[in-house]
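> So you can see what is in the structure, the chains are spelled out below.
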Amino acid sequence: MKSRFVVGAALLLTACSPPVPHNTGVYLLVDTSGSYAKQVTKAQQIILFALSRLQPLDSFAVARIDTASFTEKNIVAKATFDDRPSTTNLQKRAFAGRVEKFIDDTKAAPFTDITGGLLQAIEFLNEKQTGRKEILIFSDMKEDLAKGYMRNIPLDLKGFEVVALNVTKLRSDNFDPREYLSRLEAWRAKVEQGGGRWRVINDLDRLDGLL
Amino acid sequence: MHMTSLLTFTPWPAVSAAIMLALLIAALYLARHTAHQAIHAATSALARGFRLAAHSVTHAEERLSARNRDVLLAAGREAKERVVEREFARVGDTVRKDLANYPDMHRRLGEAIIRIEEDQEKAVEVPPEAPGWAKAIAVVANIDSRNTGTEILADIHKSMVKAHGEAMNDYRKASGERHALLRKMMPDWRMIQETLGRVNTSVVSVIERALVIDRHMQEYEAIVRGEDRALSVLSSSSLVHFFVSMLVLAVATAGAAINFTLIARPMAEMVGGTSFIGLFRTADIAALVIIMVEVSMGLFLMESLRITRLFPVIGALSDKMRVRMIGITLVILLLMASIEAGLAYMREVLLQDELATSALLRSDNTGAMVNEHHWITTMAQMGMGFVLPFALVFVAIPFETFVHSLRTVLGLTGIGVLRALALIFRVFGNGCRHLGTLAQRLYDLPLFVPLWIEARHTTAQQIERIARATKPGHDESLREVQL
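Chains as they are written, first to last, in this note's numbering: chain A, 1 to 211; chain B, 1 to 483.
Derived by calculation from the structure, the hints in this document are not laboratory data. Beta carbons are placed, not taken as given, at the ideal position from N, Cα and C, and that holds for glycine. Treat the hints with care, as some may be off.
As the list claims (entries may be wrong) - Short derived list, chain B residues pointing at chain A, Cβ under 7 Å: (1) A268; (2) E269; (3) G272; (4) G273; (5) L350; (6) Q352; (7) D353.
As the list claims (entries may be wrong) - The following label-pair restraints were derived from C-beta to C-beta distances: (8) B:E372 / A:G34: 28 to 38 Å; (9) A:S182 / B:F260: 24 to 34 Å; (10) B:T261 / A:T41: 37 to 47 Å; (11) A:R151 / B:E372: 56 to 66 Å; (12) A:G97 / B:L279: 34 to 44 Å; (13) B:M292 / A:R151: 57 to 67 Å; (14) B:V349 / A:D203: 33 to 43 Å; (15) B:F260 / A:H22: 15 to 25 Å; (16) B:E372 / A:D203: 40 to 50 Å.
Start from the sequences and build out the full structure, keeping to the hints where you can.
Structure follows, in structure tokens:
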């Protein structure tokens, strides 16, 4: 009798517990600084790919990386897709339209605040409380902060996956490839110290593993 | 303790081994009787256990067989009752349709016959009047007077011609009337012939039905008596019904699957595309529920129409209530079919929308192109969405057959399994007994030397006993003892 009561209580508690979310949150940071601004058109390909992969109730935001990235103003487009497939399709089309406009109007920024963008992404995805959290960084991963910006902050990336996309080699990297490798290694260490997973995808024709 | 250390109790391992072997054989020989008893007891217990299990399973199989027989006979009896009931209903319909009008038909036949008789009487030919003038003419002709007779004769002739003409006219008129009367009889004759023909057809139909009923009644009686032949026929019929109904149900399941495909996607628009109940999408469950409700409505409709008899409560309802139920289920089915047609249309719209979005995201312009014959597939989908719910109504018939025949098939399968199990137990039981004998023989195998010595010793003892028994002195002493 007692065991039955315990089993019943356990079932009741399980039934009352909040449901585990299965949706995905994606935050794409697009570097618009310096020479990398030329690569922005490639970002559109990734954004459209992500849109085609995302499902109802998923969240997606695209933000630019410029001199000061830790701000909502940098978010170019954001959406949490509706539960109904038809509305989701409409939202995706509108999203694609806003992104296209951003690609056309983008201007090169003098500095690169990647960490600020990451902090903004963490905040956004934590607010959305999605089951899976993906931060995509479309950048050469060379951070160049303007004077007065404090970004030496530990990142809380538990449950996040950070994917660096199209990490191009700089002119200086060609002189000394160790710079490139050490840059990537530094970012990997930073992400993993924050509890996140780190990945690099440079071949944009092979995005199958993404999302 | 290693084997090598065991062989060190003498300086020569071979000797040690031989001594140990001798000791072992001696021990085995001494324990031989007890070991044989133990082996025998163990294998006998196992054999008895298996035999008991075989008996138990055989008993269960017999009980199941008897139960299956009862079920089969009951099912056959019920089916035959339904067939006979239906045949009686048909006979009743025939009688009601044709013989209910019998008094009216009889009256009409009587009237027609009376009319014919009357007309026939009227049509009797009246013989023409015999000429009464001939003798008068002869008398007048013999009168002896000048010119008087000639004038009279002339007048008579004139009158005669006139009378003849009138008589002929009357005769013709009468003949005409008679022919008219006879002509009037023709429709009555035809009516009588047709009526009698109809009566004949009805009677032949009733006779044929009576023969069919007679045959069914004979089969019914055989079932009631529980004859083996009837049981065999019922059993094979049940198997045939089972497989045929299973085939039809498989086809219906395929139809339901198509139906599901038509409505599952648009259901996501109604209940959301991402919520789950357990491991399944809510939209899928909702679509499945709609199909199940349609099948249930079909079952209720068939029950209300008394085509199937799965729910005795529905069958026992009053006719008025049943008609109401038929109306309600039909309306619900119509609504369901309309909803499905709408969902099928919605599915096509969603599909096009999704294709267009995918094409946009792929930067592919071909996706936006519209096929001018596209409306055909849309209409076909809508038609299927509307028709399939009504088609699923008929699933009730094979389902009922499946349920009824399943009992028998499960019974037959159970009997087969129990028989096989009993056989296996019996084989195991016998195997255990033989295994015991084999184990005893194997036990004796290393003891062949002491056993040979024992056999020799026993033989020698026997020979000695026989020799002692056949000694002459011994015979005499025996004889003395006997005397």
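> Hint by hint, note whether the structure agrees.
These are the hints, each one checked on the structure:
Below 7 Å, beta-carbon pairs count as interface contacts, and A268 (chain B) has one with chain A at about 5 Å; its hint therefore holds. The criterion of a C-beta within 7 Å of any C-beta in chain A is met by E269 (chain B), whose closest approach is roughly 5 Å, and the hint holds. Look at G272 (chain B): its Cβ gets to within about 4 Å of chain A, closer than 7 Å, so that hint holds up. A cut of 7 Å between beta carbons decides the hint on G273 (chain B): the least distance to chain A is about 5 Å, and the hint holds.
Contact between L350 (chain B) and chain A, as hinted, is supported at the beta carbon level, the nearest pair being about 6 Å apart and thus within 7 Å. The criterion of a C-beta within 7 Å of any C-beta in chain A is not met by Q352 (chain B), whose closest approach is roughly 10 Å, and the hint is violated. At its closest, the beta carbon of D353 (chain B) sits 5 Å from a beta carbon of chain A; the interface hint therefore holds under the 7 Å criterion. Taking the beta carbon of each, E372 (chain B) and G34 (chain A) are about 52 Å apart, not inside 28 to 38 Å as hinted.
A hinted range of 24 to 34 Å is violated for the C-beta pair S182 (chain A) and F260 (chain B), which are about 57 Å apart. With their beta carbons about 40 Å apart, T261 (chain B) and T41 (chain A) fall inside the hinted range of 37 to 47 Å. About 59 Å separates the C-beta atoms of R151 (chain A) and E372 (chain B), a value consistent with the hinted range of 56 to 66 Å. A hinted range of 34 to 44 Å holds for the C-beta pair G97 (chain A) and L279 (chain B), which are about 37 Å apart.
For M292 (chain B) and R151 (chain A), the hinted distance range of 57 to 67 Å is satisfied, since their beta carbons lie about 59 Å from each other. Judged by the Cβ atoms, the range 33 to 43 Å given for V349 (chain B) and D203 (chain A) holds: they are separated by roughly 38 Å. Taking 15 to 25 Å as the suggested C-beta distance range, the pair F260 (chain B) and H22 (chain A) conforms, at roughly 23 Å. Separation of E372 (chain B) from D203 (chain A) is about 41 Å and conforms to the stated range, judged on CB atoms against 40 to 50 Å.
Violated hints, listed in ascending order, are 6, 8, 9; each of the other numbered hints is respected by the structure.
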